[in-house]
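Trainee: Model the placement of chain B on the given structure of chain A, informed by the hints.
Residue numbers (our numbering), protein chains in the order written: chain A, 1 to 635; chain B, 1001 to 1117.
What the hints contain is simulated information worked out from the structure, not anything from laboratory work.
Backbone N, C-alpha and C fix where the C-beta goes; we use that ideal spot for every residue, glycine too.
The reader is advised that the hints may include incorrect statements.
Counterexamples of contact, computed for chain B against chain A with all Cβ distances above 12 Å [to be verified]:
1. 1002
2. 1006
3. 1007
4. 1008
5. 1012
6. 1027
7. 1033
8. 1038
9. 1039
10. 1048
11. 1049
12. 1099
13. 1101
14. 1107
15. 1108
Quick look at which bits of chain B chain A covers, simulated, 3 or more residues with Cβ under 8 Å [unchecked claim]:
16. 1061-1070
17. 1087-1097
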Amino acid sequence: MADDVNIIGELLNQLQSPDFFEREEAVKKLGSFDSDEAIAGLVTALDDPDLGIRELAADFLSKTNSPIAAQLLIRFLGHDDIGTRNLAAEILVKLGSVAVDPLVENLVDEDHDIRKFIADILGLIKDKRATKPLCEKIWDDNINVGVSAIEALGEIGSPEAIPDLMKAYDEIEDARLQAVEAIGKIGDPSTLPKLYTFLKSDDPLVVYAVIEAIGHIGMEESVSQLREYLDSEDRSIAETALKAIIDISANNDWRLDIELPLKGFAEFLFEGIKQNDKRIIDFTLSRLPHCIDNNVLGSFIDILESVDEEVLSRIISLLGDIGPTISGALIKKMESPSAKTRLIVLDIIKQFVDDKLAGEIIKFSSDEDPGVREKIAYVLGVSGNKDAVPTLRKLAVDEVGHVRAAAYRSLGWLSTEQEADFVFNGLDDEYPDVREAAMGALIIIGGLQVVAKFTADLYHENPERQRLAVTALGMIGETDVVEPLQKAINHPEASVRKCALNALMRIHEGVDPAQLVIALNDENSEVRKAAVSALLSIQGEDAIPEVRFLLDDSDIWVKYHTICAIGELGVRRYGELIMPYLQDSQDIVRIAAAKALAQMKYSKALPILKSLNQNDNDDLAQAAGKAVEILEGVQ
Amino acid sequence: MDFTTREENGVTIMNLEGRLDLASGSALKEHVKKLFEEEKTSIHLNLENVEFINSSGLGALVSTMKEARIRKGRLTLSNLANYVQEIFEITQLSHIFEIYPTEKEAVNSYSQAAVAK
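Extracted from the complex, chain A is given alone in its bound form:
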């Protein structure tokens, strides 16, 4: 202890050194002590000529949590140097609650600047214990101290201050504004009746403050009081009233059941949206149909270029709901020089586009921007208007691939069989996206003509066309695709054979199983697997005699697949057929057999499955364990 005293004494001397590094070291070391002497040393360092040392000392002092530090720092509030004064104030705010008592004690300082400074600091600390002393300070001889006390009471927010603040409003004319602001910040609804009477003040500044205060309090009942100010000739008052209503609306989850004359505030609201003011955005969106008409829609859409994606998508969706009432103005906006604006307009239109609107959009289909042409193709497809076909044909030969792809998709959505020949051209396009879009369109169009063309394409010289053809025929899925798909089981390309089998399995109706049997002997193992699935799916257990030889296929995955596919039928009497595979030399086959036997509820397999449950191969042991669980549950 005595050592510490000596060390601190030396460090205090070191603080007077002309050498920066020595002083800096002294501050750092003092910061490691928590004695009053060390704190006093740190406070003196606030007077150091070097800013870095002053800030270092301030940093240590902020963390002391010591009322002594606060007491000592208060002396610095009267310092000649404004920088030091502010530094001391900053530390006092950071000290927070421990500084409140010393600050309150010094509210009687003879220097009014210090009293004002202390009131300001107490407001920033926001400790309710300061409420009463600050209420007393409202009546300080110096008006600046009184005003600071009022402001601080608003920051602290204790309703206990309300009677004094009301009295201040009545008795101190120069502090009315601050008193009203403080009342608003406290936010006590019981003050509203009195605040409504303050609205009658002759001073427009007070009226602004009262309106704002009412807004802060946020009670729905106040809207009827504020509503008349929306019609004020003083634009600032009208906008302040709207801001207050927006605050109230926010406080009530945007659910104000009251009509508001918002048409005149479009510019104000749009500016708020542009500035990304969240409250104004939410308010405007909650009442969009009441703010928007054909007159202001144009300027509204202009601001949408500067809002973020999330807000834009909400607005687009809401404008979609307003729909046809704004369609005239939307079409006009398609003449905007900004491609982004034109795209936004199309995003809105697509939500409610009808035949008439589609007819209007057609005239913009030569837009210079490919993104706009692409979206026009898309909107025309969504419209379902068959009059759009010639325009879509034009866009399907556009120089830009994305536009062509969109046009083909839309031709498909319009589902016009007469266009099948034309859409088939898309399969020759240089871009894969366009070829895929054309295929998708032809699947929707369907019909004999399309089936005939795809059937021919099954033997096209280009293997990709063969792949598209077999996929498309499978998805067209009508009875007239069955025959070409059955023939495709003998196709030279294994991928086509496999795809044909998968398609036939899904189509099911009208498929001749005898045609599929040949694929069980296919040279390609993937085709053999597809044949097993297709036959079992179409014929059920009747196909087992045909497929069972593949249980001994040379390809382990064909074996695996055949066991699983038979298992999925869940027919117990075929358990005997699968049993030997529990003792196969390959673990993967044994796993398949375990799963299949469980699905077949074949209890005779239990003894072997129990022994496999102890197998070193974790996957096999797990599959066997699961099968045991299922079979024991059955028993």
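Mentor: Okay, now just chain B, sitting in the frame of chain A:
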């Protein structure tokens, strides 16, 4: 194909089951048309049990959507099985239909839209 119809929060929910092809597609169109005539314009189709859909079935859905647009109604879909989902992606029909992962999300979207209005 079988379909059962019920009402929930003002939305007519149809559960479709089986194969959506030429015959069932026509029946679906007729049924939805009747609903529109009864002023039921919020219609949701749950496709969870649609095991197969072909070109005619897709055409029926597109035509039902067109009818909904003409009637200023709303048509949503949900619970698309993998294969149906695949067809919707290849044909890009997912762009013109409002598709939800679940029936609940689809039905909720109607009440959310009502609140927004």
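Trainee: So is the stretch 1087-1097 of chain B in contact with chain A by the C-beta rule, three or more residues under 8 Å, or is the coverage claim wrong?
Mentor: holds (count 7)
Trainee: Minimum C-beta separation from residue 1008/B to chain A exceeding 12 Å: can you confirm that?
Mentor: Correct as stated: the minimum Cβ-Cβ distance to chain A is 21 Å, above 12 Å.
Trainee: Checking a non-interface call: every C-beta of chain A should be farther than 12 Å from the C-beta of residue 1108/B. Is that right?
Mentor: 15 Å, holds
Trainee: Is residue 1101/B truly not at the interface, in the sense that its beta carbon sits beyond 12 Å from all beta carbons of chain A?
Mentor: 19 Å, holds
Trainee: Confirm or reject: residue 1033/B is not an interface residue toward chain A, with every Cβ-Cβ distance exceeding 12 Å.
Mentor: 15 Å, holds
Trainee: For residue 1107/B, is the shortest beta carbon distance to chain A beyond 12 Å?
Mentor: 18 Å, holds
Trainee: Against chain A, does residue 1049/B hold up as non-interface, every C-beta pair farther apart than 12 Å?
Mentor: Its Cβ never comes within 12 Å of chain A, the nearest being 15 Å, so this holds.
Trainee: Would the non-interface assignment of residue 1007/B survive a Cβ cutoff of 12 Å against chain A?
Mentor: Per Cβ check, residue 1007/B is outside 12 Å of chain A; nearest 23 Å; holds.
Trainee: Taking the minimum C-beta separation from residue 1099/B to chain A, is that value above 12 Å?
Mentor: The claim stands: residue 1099/B keeps its Cβ more than 12 Å from every Cβ of chain A (closest is about 14 Å).
Trainee: Is the nearest CB of chain A more than 12 Å from the CB of residue 1012/B?
Mentor: Given a closest Cβ separation of 20 Å, the condition holds.
Trainee: Determine whether the non-interface label on residue 1048/B survives the test: each CB of chain A must be over 12 Å from its CB.
Mentor: 17 Å, holds
Trainee: Just checking, residue 1027/B versus chain A, shortest CB gap more than 12 Å?
Mentor: Its Cβ never comes within 12 Å of chain A, the nearest being 17 Å, so this holds.
In terms of the numbered hints stated before, the structure departs from none.
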